[in-house]
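J.: Here is what each chain is made of, one letter per residue.
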Amino acid sequence: MSLFTEFTIFVLAIFVGFEVISKVPTTLHTPLMSQTNAIHGIVMLGGLIVLGYANDPLEYLIGTIAVAFGAINIVGGFMVTDRMLGMFSKKPKPKADSKDGGSSDGGKA
Amino acid sequence: MIDGLSQALPYAVLKPGGDAATALYIVSFSLFILGLKQGTHPTTAKRGNMIAAVGMAVAVVTTLLLDGMGNWGYIAIGLAIGSAVGAYASIRVKMTEMPQMVALYNGVGGGAVALIAWSEIRHGISFGEMPLEDLIPTLLAAIIGSVSFWGSNIAFAKLQDLIPTRPLAVPGQQIINAVLGIGVIVLAIIIAINNEPPSQFLFILILIAAAILGNLVVLPIGGADMPVVISMLNAFTGLSAAAAGFALQNVALIVAGTLVGSSGTILTMEMATAMNRSVANILFSGFGGAPAAAAGSGEQRPVTSIGAQDAAIKLAYADNVVIVPGYGLAVAQAQHAVKEMANQLEKRGVTVNYAIHPVAGRMPGHMNVLLAEADVPYENLKEMDEINPEMPRVDVAVVIGANDVTNPAAKNDPNSPIAGMPIIEVSQAHEVIVIKRSLSTGFAGIDNDLFYEPNTSMLFADAKAAASEIAAEIENL
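Protein chains in written order, with numbering that gives the first Met the number 0: chain A, 0 to 108; chain B, 0 to 476.
FYI, nobody ran anything at the bench for these hints, they're computed from the structure.
One should not assume that every hint holds.
Said to hold, decoys possible - For lysine-lysine, the following PhoX-like pairs were computed, each having C-alpha atoms within a straight-line distance of at most 20 Å:
1) Lys36(B) - Lys22(A)
2) Lys22(A) - Lys93(B)
3) Lys313(B) - Lys346(B)
4) Lys463(B) - Lys313(B)
5) Lys463(B) - Lys93(B)
Said to hold, decoys possible - Here are some chain B residues the structure puts well away from chain A; computed CB gaps all over 10 Å:
6) Met97
7) Ile189
8) Asn214
9) Glu389
10) Tyr451
Ideal Cβ placement from N, Cα and C applies to all residues, glycine included.
Turn these sequences into a full structure, and let the hints steer you where they fit.
T.: Written out as structure tokens, the structure reads:
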């Protein structure tokens, strides 16, 4: 992949990122941050690659720590986001007003 | 996605950088974007998170299937330890501690990138030299990763009260930071010029200098500015991942890292706007938490003080009540007591909404999560711009644990230190009840004019105790 192809992808991703994220309401900004933490865990791929092809003790150590850090991001990030979003989608206790029907289809925790 | 995998599987392994691997990475980042798009509404966000997680699974499995991968024992150890720590932390963390957790996740993310960069440099050394288009992003990834790792650890320590939240500054701090920043760049240029092979010694110096820089940049920033710092470090880790993507020529890393970087940047700008300060000012002034010296010059102004019973009566006979929570509410663990108070009011047919200032918590959207945890429906959580035009029609506004974000001086007094800061305009409501322990100042260190307005009543008490008491009084009315 040429450097310019990479830059093209990078620049387009900036625009997609701004477009999508700017529509996330303030209410969901904390889950957004923990979800982006999880997505940032994509660096674990880098850790897997360097560890998978490593061949000396220091690199085993560096790679293993990098993979562990990435896994913390992925597992911790997605799980805690799921936990938080469960609080938003759970149905409030009996409340007279507001539409009671199917509005929140997503799982109730 | 299943199709892609089963097509790839007969080959048993994927060629690194080959078409099949790249195609699967494209599937993976598309799922991230879809997942984030679903995150724009509370009812779909949970599904969006799942979609993004599936995207991650695709990316990880693809990588594990790359040709020539080995050291499975170490990989298993890394995955097991990381997953266990992440799962345990995400189950145990309290919602009030979310800022710490995100700070920590920012930190390990940056740390992972710095370590990967180090490993890449060592590969470059064993090959004799590294092409500049790999070396430069590797150096960038190392610098940004190391700064975010150490900066995030300091942010975590401050939020967790392991070190003082007040600004800690070393004399000549700006100069030291500038020297470190320039030094890091000069070292990187020297490595790039004498790139046959790249020097590991100089590379480690870069990691260390960037580490010190990360510490020194965050140490002087006060507790009140944490929402900005956390968002900014979030953006940094994203950029570091994108840089690592350039170095490894991996599209999934480039796109995912850039998405995270965009998100962090948007949140940083929103937080800075909400505090009416520039990001540079927050980073370099060490203001948040430093009480401004000449506050109010000690003049005594009369306030109206009421008890829980009076407050209960005012609230119970209102039609439209708005609760304005601040971080003090979370500190007092009063979320559930406040919700109970709101329940009592709703039973009597009073409409109760919550007006949430963007910097009401310790990170973007923090207060919303704390209230959601206490079962407040998200429809009742109103943003500042949504509620302000409604304020003149509000019968009673109850300010709990919030201070500066309600100070009318931000609008009326051009000489105020917070002049121009967007506020929740509670003073427009017919009546205001402020629940607060004393008349002490907020983070800005200035008197709040709201307390002395004729339609304001002060209820001097702990937020949790007061809310419970009011709830009980309303029930007995």
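J.: Among all the numbered hints in the text so far, which are the ones the structure does not match?
T.: Structure breaks hints 2 and 6.
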